[in-house]
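Dock chains B and C against chain A, hints included.
Residue numbers (the working numbering), protein chains in the order written: chain A, 1 to 356; chain B, 1001 to 1288; chain C, 2001 to 2275.
A hint or two may mislead.
To be verified - Straight-line Cα separation of at most 30 Å, DSS-like style, residue types lysine-lysine; simulated pairs:
| hint | chain 1 | residue 1 | chain 2 | residue 2 |
| --- | --- | --- | --- | --- |
| 1 | A | K30 | B | K1141 |
| 2 | B | K1057 | A | K32 |
| 3 | B | K1111 | A | K32 |
| 4 | B | K1233 | A | K32 |
| 5 | B | K1111 | A | K238 |
Unchecked claim - Simulated DEER-style distance windows between Cβ atoms:
| hint | chain 1 | residue 1 | chain 2 | residue 2 | range |
| --- | --- | --- | --- | --- | --- |
| 6 | A | F293 | C | D2244 | 30 to 40 Å |
| 7 | A | A124 | C | G2133 | 38 to 48 Å |
| 8 | A | K30 | B | D1061 | 19 to 29 Å |
For the record, the hints were derived by calculation from the structure and aren't laboratory data.
Everything numeric in this text was worked out from a predicted model, so none of it was measured.
A virtual CB, placed ideally from N, CA and C, is assigned to each residue, including glycine.
Listed below are the residues making up each chain.
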Amino acid sequence: MGGMNYTVVDSKKLATAEIYGKTLCELGEKDKRVVALTADLAGSTKIGDFKEKFPDRFFNVGIAEQNLFGIAAGMAKAGLIPFISTFSVFASMRATDQLHTDICYQNANVKIIGSHSGTSYGQAGSTHHAIEDVAMVRSLANLKVIVPADGFETANAVRAAAAMDGPVYIRINRGFDMNIYENEDYGFEFGKGVLMNDGNDVTVIANGCCVFQAIQAARILESDFGIHARVINLHTIKPIDRDIILKAAEETRRIITVEDHTILGGLGTAVGEVVLESGRACAFKKLGLNDCFSAIGFHEDLMTMNGIDTEGIVKTAVDMMKRAHVVEISSDGKTTKALKFDDRDFEAEIDWTDEV
Amino acid sequence: MALTKSEWIELEKKASAVRQLTLDTCYWAGGAHMGGSLSSTDFLTLLYFKYLNFEPKNYADENRDRCIISKGHIGVAIAALFSELGLLDREELKTFNLTGSRLGVHLDSRKVKGLEASTGSLGHGSALALGTALAARVQGKSYKTWVLLGDGECDEGSVWEAAMATANFNATNLITVVDRNKFMIDGNTEDVMKLEPFSDKWRAFGFEVIEADGHHLSKLSDAMEKAMQTKDKPVCLILDTLKGEGISFMAGDHKWHYGAMDEVKYELAKKDLLEYEAKRLARVEKEA
Amino acid sequence: MKEVSITQDDLYAARIFFNAALPLLKVVIQSKPNIKKKFEKKNFVFQVSALYDMAPGGKMATHLVFNNGEITVKVSEIHPKPDIEFVFPDIKKFIIFFSGKGMPLPKMKGIVKNMGSFMAVMQGLLTMSKLLGSTDAPVAIEDQELLVKLFFYLLPNGISQLNKAGHEKIHDFALKSPDRAYAFAVTGYPALNSYIRFKEGNSKAGRGEYPRCKPFLTLRFDSVMHALDILMSKGDMVDYMANDYLKVEGAPEFAGIVGEFMFVIGDYAKAAYMD
Chain A
1 MGGMNYTVVD SKKLATAEIY GKTLCELGEK DKRVVALTAD LAGSTKIGDF KEKFPDRFFN
61 VGIAEQNLFG IAAGMAKAGL IPFISTFSVF ASMRATDQLH TDICYQNANV KIIGSHSGTS
121 YGQAGSTHHA IEDVAMVRSL ANLKVIVPAD GFETANAVRA AAAMDGPVYI RINRGFDMNI
181 YENEDYGFEF GKGVLMNDGN DVTVIANGCC VFQAIQAARI LESDFGIHAR VINLHTIKPI
241 DRDIILKAAE ETRRIITVED HTILGGLGTA VGEVVLESGR ACAFKKLGLN DCFSAIGFHE
301 DLMTMNGIDT EGIVKTAVDM MKRAHVVEIS SDGKTTKALK FDDRDFEAEI DWTDEV
Chain B
1001 MALTKSEWIE LEKKASAVRQ LTLDTCYWAG GAHMGGSLSS TDFLTLLYFK YLNFEPKNYA
1061 DENRDRCIIS KGHIGVAIAA LFSELGLLDR EELKTFNLTG SRLGVHLDSR KVKGLEASTG
1121 SLGHGSALAL GTALAARVQG KSYKTWVLLG DGECDEGSVW EAAMATANFN ATNLITVVDR
1181 NKFMIDGNTE DVMKLEPFSD KWRAFGFEVI EADGHHLSKL SDAMEKAMQT KDKPVCLILD
1241 TLKGEGISFM AGDHKWHYGA MDEVKYELAK KDLLEYEAKR LARVEKEA
Chain C
2001 MKEVSITQDD LYAARIFFNA ALPLLKVVIQ SKPNIKKKFE KKNFVFQVSA LYDMAPGGKM
2061 ATHLVFNNGE ITVKVSEIHP KPDIEFVFPD IKKFIIFFSG KGMPLPKMKG IVKNMGSFMA
2121 VMQGLLTMSK LLGSTDAPVA IEDQELLVKL FFYLLPNGIS QLNKAGHEKI HDFALKSPDR
2181 AYAFAVTGYP ALNSYIRFKE GNSKAGRGEY PRCKPFLTLR FDSVMHALDI LMSKGDMVDY
2241 MANDYLKVEG APEFAGIVGE FMFVIGDYAK AAYMD
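Next up, chain A with everything else stripped away, as it sits in the complex:
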């Protein structure tokens, strides 16, 4: 990519938030209107580089999120392109009124980067888990919502956000995401889901850190159970890619959504709305936090506990395959597809002998 000030090799070792910081610098270089703001989380959200490079375009407003959002809105009104960085939990809830009124209502050209999303700051507990942010921001008119799956996608999302007019909320993790892409050139398109694995038995629709888990689950479903899972990285929640969802509903008839978020109002809800409105029948299961707060712990362990890791997805897919599978019904020379419910058994014997 032209104009990149870090190499792909570098970015492989960079945490997602750091890639955001680098990309922001790159944008700041190209466009003098880009300014960065934070509320005492410059270090944690990795925008320190921007501060060093463009001290006059960097604003730390202290621990005052309402002020952070208001100032950014004012700056946008005056023609700047402010990027706000703070933890997702504060970005979505500590200044929701400012987000609603100052930014979304006025369609202010503010980009909000919520880091440490979901349970990714697991050790910090529920005060710092952002498991409702997508539900909150998805409901705000004018606001577009992107949940990138890794650092490369974060870079793409940040560039896409900068390129469009109006407010965008980008939800990223604490960092340390497993990469699902080799580089940035996989054809990221705002508003379009990415097919990560093809299959016609069941579709797993995920975003953020759950995409990696879904891809791994698809491999295991294939090797251990002979189940061909389609995996879709639905990085843009709003506007949602209806086509890719409906195609999956049509062709696989089973959809599992996976998100590091409450199942009330997030990705699963958004996908469910699309399917339901289409009138198509589809076995459907949302994985995520089920109307509860998460325990404290390492992110990976919390993902396991909350059933959104590889194993959780595999179990859900196997269970769904047991319960329903597609059959073709012929009548009057016409063949139609229908769901048949039965008890297909999937047994996976594990040989625990060490290899010697």
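Frame of chain A; chains B and C shown alone:
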């Protein structure tokens, strides 16, 4: 420079016209925030007709001075003011609050040209204004930003977040104005939630505080000029005002924060405003 | 015979040597063409055992079946009539011998009758002990790779064996573990990879790339030499991570536990608990 007599008289007439049109609009709309509109009118008139570097014809000029109306519930006064400025067709004021109108209690900056921000939820304007002030600095522009707050609004913590930041960033291109009319919906500010010592609070936050009679155009003009000339600190201009100023049955009555009136009351108010104008002009004659 | 008291540590160490280290003989033989050649036409069973009353059959043993160049390892299995057998009088002596702490020679059975096979086995064992016992990295590049491979195979096997033996710390970890694999890798050398998979108390050591999906965590070295530095305790893991010689693919919090288990195995392999 103090107001010249002719200037003063002209501004008194503008203020009267805005007050009158505010009243008309309230009557047409079947209700509006009269109290806080009337307490702000003199300041808004002076600002928009004298000090704000703002050409209604070039309302989007990027070098214009900005004014953010943080007390967004005075949309009725703003609509009247903007009509006087030629930004809004007078006839359109008759649609205020009606279904499908571009105008309602809290004005929408995406629908009303010249309006800098959509406000209504209180405590938002200061941060927005600080944003435009800081943007001027980033862009190397010399425009000024004014923000008009209500006093009850200062209960909101976000006002003080912005105050702290304004001093922190030493945003001397931002002038904070508080319409201290001493009333909020539920009553006197000192009964509902004590604000005093109010000016000390602003001073403690790092502001140069200027206090002025908000209904005396000449004194207010002096105060605004002093505010604009202050360069070492951000300024907070506290306007000593009366809620409902100019209409006897509204003045000083918090129940007129928002209200509607029948034809009898409307006629009475109109008469009151005319008497009030006469009183004000007499004062000009005496003092100028 | 003098009564020897066997401790839990002895049993863990013995288990690592019998079930994780001795099987590496097969790897050494297959990796060294000159040694491999010597087994091409030989058919015999080689067993190492240590007498232990408490074990079924009265001893612990591992045997390798050589069949015209093909080698099958049978861990924890006593062959009733091995062609060649090294018998240690007790577990402690077996550990002292294999950890390099001393040379309490075992009773060697069947060597006269199978001198050729014995010589070949000895060559394999000596090569292995020279590699694993040396304090400096080998000079030859193929030996460096082989040594990394031996360590990479030994560590997951050792960890898995201790889990199966109920080692408190490791088994406790395994019991709490969801289905997760931890892998060792050197970039550009996929043949060296190994992994250990845990799930609800079970564990499995494996070789090559983890087949089911991307491992939960991979300790990835950028070069064979940097891997050797860490494996031979010549480099500091944190420093190496800071310099990108060692990269953790996955959550860094979990790299610590793998490092800790590596040291547990390393200490048993050196019989450090006897010091």
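Each hint, compared with the structure:
1. A/K30 / B/K1141: holds, 20 Å
2. B/K1057 / A/K32: holds, 28 Å
3. B/K1111 / A/K32: Holds - the C-alpha atoms of A/K32 and B/K1111 are around 29 Å apart, at most 30 Å.
4. B/K1233 / A/K32: holds, 28 Å
5. B/K1111 / A/K238: holds, 25 Å
6. A/F293 / C/D2244: 30 to 40 Å: holds, 37 Å
7. A/A124 / C/G2133: 38 to 48 Å: holds, 47 Å
8. A/K30 / B/D1061: 19 to 29 Å: With Cβ atoms ~26 Å apart, the hint holds.
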